[in-house]
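With chain W fixed as given, assemble chain R onto it according to the hints.
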Amino acid sequence: MITTLPPLLTGCVALLCAWVLVGLAGLLRPGSVRFAGRTLFTLGAVLGLGLAVLAGASLLSGGTERLILPLGLPNLPVHLRLDPLSSLFLFLLGASSFGISVFAGGYFRQGEGTLPGLLCLQYHLFLASMGGVLLANDAYGFLVAWEVMTLSSYFLVTTQHRIPEIRRAGFLYLLMAHVGALCLLLCFGVLQGGSWLFTFHAMRAAHLSPGWAAVAFLLALIGFGAKAGLVPLHVWLPDAHPAAPSPVSALMSGVMLKTAVYGMLRVGLDLLGRPLWWWGLAPLILGLLTIFYGVVFAAVQTDMKRLLAYSSIENMGLVFAGIGLTIVFAGSGMPAVAALALLATLYHCLNHSFMKSLLFLGTGSVLHATGERNLGRLGGLIHRMPWVAWLTLIGTLAIAGLPPLNGFVSEWLLLQSFLFAGQLPHAFVNLLIPMGMALVVLGAALAGYVMVKFYGIIFLGQPRETSLAHAHDCGRLERIGLLWLALGCLALGLFPLQVVHALGAVTGQLVGAAVPQASAHWWLLAPVPGRSVSYGPLVFLTATAAVVLLTVFVVRLIYRQRVRRGPAWDCGFGAATARMQDTAEGFGQPIRHLFQPFFEIERELPEPADRTPRYRIAIRERIWRLAYEPLARAVGRLANAAARIQQGRISVYLLYSFVTLLVLLAVALIS
Amino acid sequence: MTHIPLAQQLLDTCAALLLLLSFAMLSQRRVVTLVNLYAAQGAVLAAATLLLAWRTGEDHLYVSAALTIALKVLFLPWLLHRLIRRLEVYWDTEPLLNVSGNMLVGLVIVVFAFSLAQPITLLASTATRGAIGIAVSVVLLAFLMMITRRKAMSQVVGFLSMENGVFFGAMSASYGMPMVVELGVALDVLVAVLVMGVFFFQIRERFDSLDLHHLETLKEHE
Numbered sequence: 196m197i198t199t200l201p202p203l204l205t206g207c208v209a210l211l212c213a214w215v216l217v218g219l220a221g222l223l224r225p226g227s228v229r230f231a232g233r234t235l236f237t238l239g240a241v242l243g244l245g246l247a248v249l250a251g252a253s254l255l256s257g258g259t260e261r262l263i264l265p266l267g268l269p270n271l272p273v274h275l276r277l278d279p280l281s282s283l284f285l286f287l288l289g290a291s292s293f294g295i296s297v298f299a300g301g302y303f304r305q306g307e308g309t310l311p312g313l314l315c316l317q318y319h320l321f322l323a324s325m326g327g328v329l330l331a332n333d334a335y336g337f338l339v340a341w342e343v344m345t346l347s348s349y350f351l352v353t354t355q356h357r358i359p360e361i362r363r364a365g366f367l368y369l370l371m372a373h374v375g376a377l378c379l380l381l382c383f384g385v386l387q388g389g390s391w392l393f394t395f396h397a398m399r400a401a402h403l404s405p406g407w408a409a410v411a412f413l414l415a416l417i418g419f420g421a422k423a424g425l426v427p428l429h430v431w432l433p434d435a436h437p438a439a440p441s442p443v444s445a446l447m448s449g450v451m452l453k454t455a456v457y458g459m460l461r462v463g464l465d466l467l468g469r470p471l472w473w474w475g476l477a478p479l480i481l482g483l484l485t486i487f488y489g490v491v492f493a494a495v496q497t498d499m500k501r502l503l504a505y506s507s508i509e510n511m512g513l514v515f516a517g518i519g520l521t522i523v524f525a526g527s528g529m530p531a532v533a534a535l536a537l538l539a540t541l542y543h544c545l546n547h548s549f550m551k552s553l554l555f556l557g558t559g560s561v562l563h564a565t566g567e568r569n570l571g572r573l574g575g576l577i578h579r580m581p582w583v584a585w586l587t588l589i590g591t592l593a594i595a596g597l598p599p600l601n602g603f604v605s606e607w608l609l610l611q612s613f614l615f616a617g618q619l620p621h622a623f624v625n626l627l628i629p630m631g632m633a634l635v636v637l638g639a640a641l642a643g644y645v646m647v648k649f650y651g652i653i654f655l656g657q658p659r660e661t662s663l664a665h666a667h668d669c670g671r672l673e674r675i676g677l678l679w680l681a682l683g684c685l686a687l688g689l690f691p692l693q694v695v696h697a698l699g700a701v702t703g704q705l706v707g708a709a710v711p712q713a714s715a716h717w718w719l720l721a722p723v724p725g726r727s728v729s730y731g732p733l734v735f736l737t738a739t740a741a742v743v744l745l746t747v748f749v750v751r752l753i754y755r756q757r758v759r760r761g762p763a764w765d766c767g768f769g770a771a772t773a774r775m776q777d778t779a780e781g782f783g784q785p786i787r788h789l790f791q792p793f794f795e796i797e798r799e800l801p802e803p804a805d806r807t808p809r810y811r812i813a814i815r816e817r818i819w820r821l822a823y824e825p826l827a828r829a830v831g832r833l834a835n836a837a838a839r840i841q842q843g844r845i846s847v848y849l850l851y852s853f854v855t856l857l858v859l860l861a862v863a864l865i866s
Numbered sequence: 096m097t098h099i100p101l102a103q104q105l106l107d108t109c110a111a112l113l114l115l116l117s118f119a120m121l122s123q124r125r126v127v128t129l130v131n132l133y134a135a136q137g138a139v140l141a142a143a144t145l146l147l148a149w150r151t152g153e154d155h156l157y158v159s160a161a162l163t164i165a166l167k168v169l170f171l172p173w174l175l176h177r178l179i180r181r182l183e184v185y186w187d188t189e190p191l192l193n194v195s196g197n198m199l200v201g202l203v204i205v206v207f208a209f210s211l212a213q214p215i216t217l218l219a220s221t222a223t224r225g226a227i228g229i230a231v232s233v234v235l236l237a238f239l240m241m242i243t244r245r246k247a248m249s250q251v252v253g254f255l256s257m258e259n260g261v262f263f264g265a266m267s268a269s270y271g272m273p274m275v276v277e278l279g280v281a282l283d284v285l286v287a288v289l290v291m292g293v294f295f296f297q298i299r300e301r302f303d304s305l306d307l308h309h310l311e312t313l314k315e316h317e
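Protein chains in written order, with our numbering: chain W, 196 to 866; chain R, 96 to 317.
Because the hints were derived from the structure by calculation, they are not lab data. Don't take every hint at face value.
[Claimed, not checked] Computed far set for chain W versus chain R, every beta-carbon distance over 12 Å:
| hint | residue |
| --- | --- |
| 1 | Pro202 |
| 2 | Arg229 |
| 3 | Glu260 |
| 4 | Gly308 |
| 5 | Leu733 |
| 6 | Arg774 |
| 7 | Thr778 |
| 8 | Gly843 |
| 9 | Leu850 |
[Claimed, not checked] Which residues of chain R face chain W? A few of them, derived with a C-beta cut under 10 Å, are:
| hint | residue |
| --- | --- |
| 10 | Gly201 |
| 11 | Ile204 |
| 12 | Ser210 |
| 13 | Ala247 |
For each residue, glycine too, the CB sits at the ideal point set by N, CA and C.
Same shape as in the complex, but just chain W (with noise of 0.2 Å):
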């Protein structure tokens, strides 16, 4: 049967495909820089432009499509589907894509561990199998998407295999993806409720009972959370995202940990039909303890990839947290604050992937240009390489929570949401929701902290080492990448309005409201019914922009000719140089005194009398001891026991074998 194919999903697919063959086209030529670097990722771009096109387009429309490919196995096709969700991840992960890809365009150079052109393969595979999870509409076509998706990141973030500490940090990756996914699978298991049906629409259809419902969304929290990051199954995230190459922990931190979200959103508020309000605390609970071991883990890191991967943790508890408060919301009837706390969650989605995409883009332009991930060897890069210091500021700004930029209108829309708890029709939980908004209240200050100390020390005061006068600014294609994230930041913080308007579809798909629009003003976003909060950036900006326009004048015009250039005090000392900056270790030293209790210090300090003094101190999380090593060493002796039946000998396998079919016919026999 040929039926019209339905245009946008269609174009979408075609779209993913094409990144299949522009991955393959890259084995063409491995070895070219040019060819698999330059052409092919900026080919890849475009493609990425096309899909955020047609995603936004299907966004707009708020409609649904369907598609089954009559492909893999027999009896078992692939199910699509293209619903408002779907859309605006797809709409994400081709705007970030496109800025990442243009810009790794530029990056990737020769010698640096994997081929370009394999590169450019597992590039490519990476990007249309996150396009595969968000489009899939069944379990089979969704978990191969999502294996194939670990997988390829997994060879990504070992581009570099040569070095011990990123293989380890690969196979962590590879264990904890696994664990989730392995969690996810029972999920479907028990989604399916006894249909045998994996489609998502016999899925939706499952009547499950309260308890097993409960055991499927812990399954997929476990499952998602491991992906996303969530504490305490963050321990790989730290460790991969600075080991790959900077575009692959751009795509990783911006997109590939909004398909958790998705998966989350997807099977707790789709698939799931109506949650039970108190599943949504275990979510909430989890992502406000993660917005703040994230964030305090940022403020006492020296390796800035390192720093932005704890931000990435941090941020990702702010969205779970959000999810949780979608979930409690929803399930205890108010359908116009849940909408509000879910465009809250969807809108920080967005912002993070624009934001951790383009800082992450910016850290790895330093790197090229100086060699260095240590905090304590940068500064004053921002005279070197003005285009990184100027676009990574946006950045900075943004995912600090400053407005007009984007990351404040999320924050602010989830502390509005934070700020209904009180009405809940549940005691004790009610008095305690507003207690979690003071945390996340803290982590957007801390927030603040640790990105004063990233932007400060690398890209402000006296460059700490002579090597970093060679540093050189980014080349075109990095500049348009970099640029095109910025717009992004931008545009996202300056338009609200327009941004709450395009994700009414989703928030009506999901929780069956969409927020309303209180304002007649086409700049100003006043989201809250029955309360006069209101916010509008062009204003704030106009101000603002104003504000310093005025001062500027008036300093001129009071001191002009009267200003003159000299060195700066040096509080009597003198001999002041650039090593005596503030460092990092230095800025993080008040988060690691308050919260002592988190981090498992190690320090070496030097003697008094030492001609060379070394200072160091490395920081570890408590949870490997606590948690990890004894689960380690459960697993390695309960390995041991079972070697036990390993004798060597054939005749005993074999009489394994035979006992056990005894056994096995004996049963038949009697039952």
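Just chain R now, kept in the frame of chain W:
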């Protein structure tokens, strides 16, 4: 007394012979004789298949009988004899369980197999349904033989004999497996024997013996 047709009686005789040969193999320590017994088992199996083909008129059974003769009566015994000559393994050492002990365990297994086959026998509608118990016995006895022998060569013969039992079981229960499956199984057996032949040479080269207890050193756990 009910009259039993001649073909049926002959089939039952064949089945009994198969079981008898299985016991003979279980007690036999000379490897050459073991291979000969295996060939004899193959011949009896082929005869049973032919009888059944003639009795039921199922054409594909003729093909499978021809296959049995070619593979199990002629080719595999020839191959094994050649291996024995080249590897010079004429005798197996004392089995892990002595012969009389082996026989007693074997008897228990046959009783178990027949009681196991009873419900299937009642359900099956084929002429040879009484033989299902024998087929299961042959499989289990061959398994027992593999467990109790020390030399790799005897274990291979045990493995092949087990396949005979499976084949006979399929024939008794439903007049043979589909042709495709039968061909596939025949090919599998052939390949398995060839692979094992290669293994023999490797094992002997490594340990100067085909005695399998040398492989015990390969285990990881102390």
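task = Examine each Cβ of chain R, and state whether all of them lie more than 12 Å from the Cβ of Leu733 (chain W).
result = holds (69 Å)
Closest CB of chain R to the CB of Leu850 (chain W) still more than 12 Å away = violated (5 Å)
query = In terms of Cβ atoms, is chain R entirely out of 12 Å range of Arg229 (chain W)?
reply = About 49 Å separates Arg229 (chain W) from the closest Cβ of chain R, which puts it past 12 Å; holds.
inquiry  = Hint Ala247 (chain R) vs chain W: min CB-CB distance below 10 Å?
reply    = The hint holds - Ala247 (chain R) has a Cβ within 10 Å of chain W, the shortest such distance being about 8 Å.
inquiry  = Would the non-interface assignment of Pro202 (chain W) survive a Cβ cutoff of 12 Å against chain R?
reply    = holds (45 Å)
query = Looking at Gly308 (chain W) again, its CB stays over 12 Å from all of chain R?
reply = Fine: 33 Å to the nearest Cβ keeps Gly308 (chain W) off the interface.
query = Taking C-beta pairs only, is Thr778 (chain W) more than 12 Å away from all of chain R?
reply = The assertion about Thr778 (chain W) holds, with a minimum of 49 Å to chain R.
task = So, Gly201 (chain R) near chain W? Judge it on the closest CB pair being under 10 Å.
result = violated (13 Å)
task = Let me know if the C-beta of Ile204 (chain R) comes in closer than 10 Å to any C-beta of chain W, holds or violated.
result = Holds, about 8 Å.
ask   = When you look at the beta carbon of Gly843 (chain W), is every beta carbon of chain R farther off than 12 Å?
value = For Gly843 (chain W), whose nearest Cβ neighbour in chain R is about 3 Å away, the distance does not exceed 12 Å, so it is violated.
request  = Confirm or reject the statement that Glu260 (chain W) sits farther than 12 Å, beta carbon to beta carbon, from all of chain R.
outcome  = Since the minimum Cβ distance to chain R is about 42 Å, Glu260 (chain W) lies beyond 12 Å and the statement holds.
inquiry  = Just want to verify: Arg774 (chain W) was marked as not at the interface with chain R; is every Cβ pair farther apart than 12 Å?
reply    = holds (53 Å)
Of the numbered hints given earlier, the model fails hints 8, 9, 10; all others are met.
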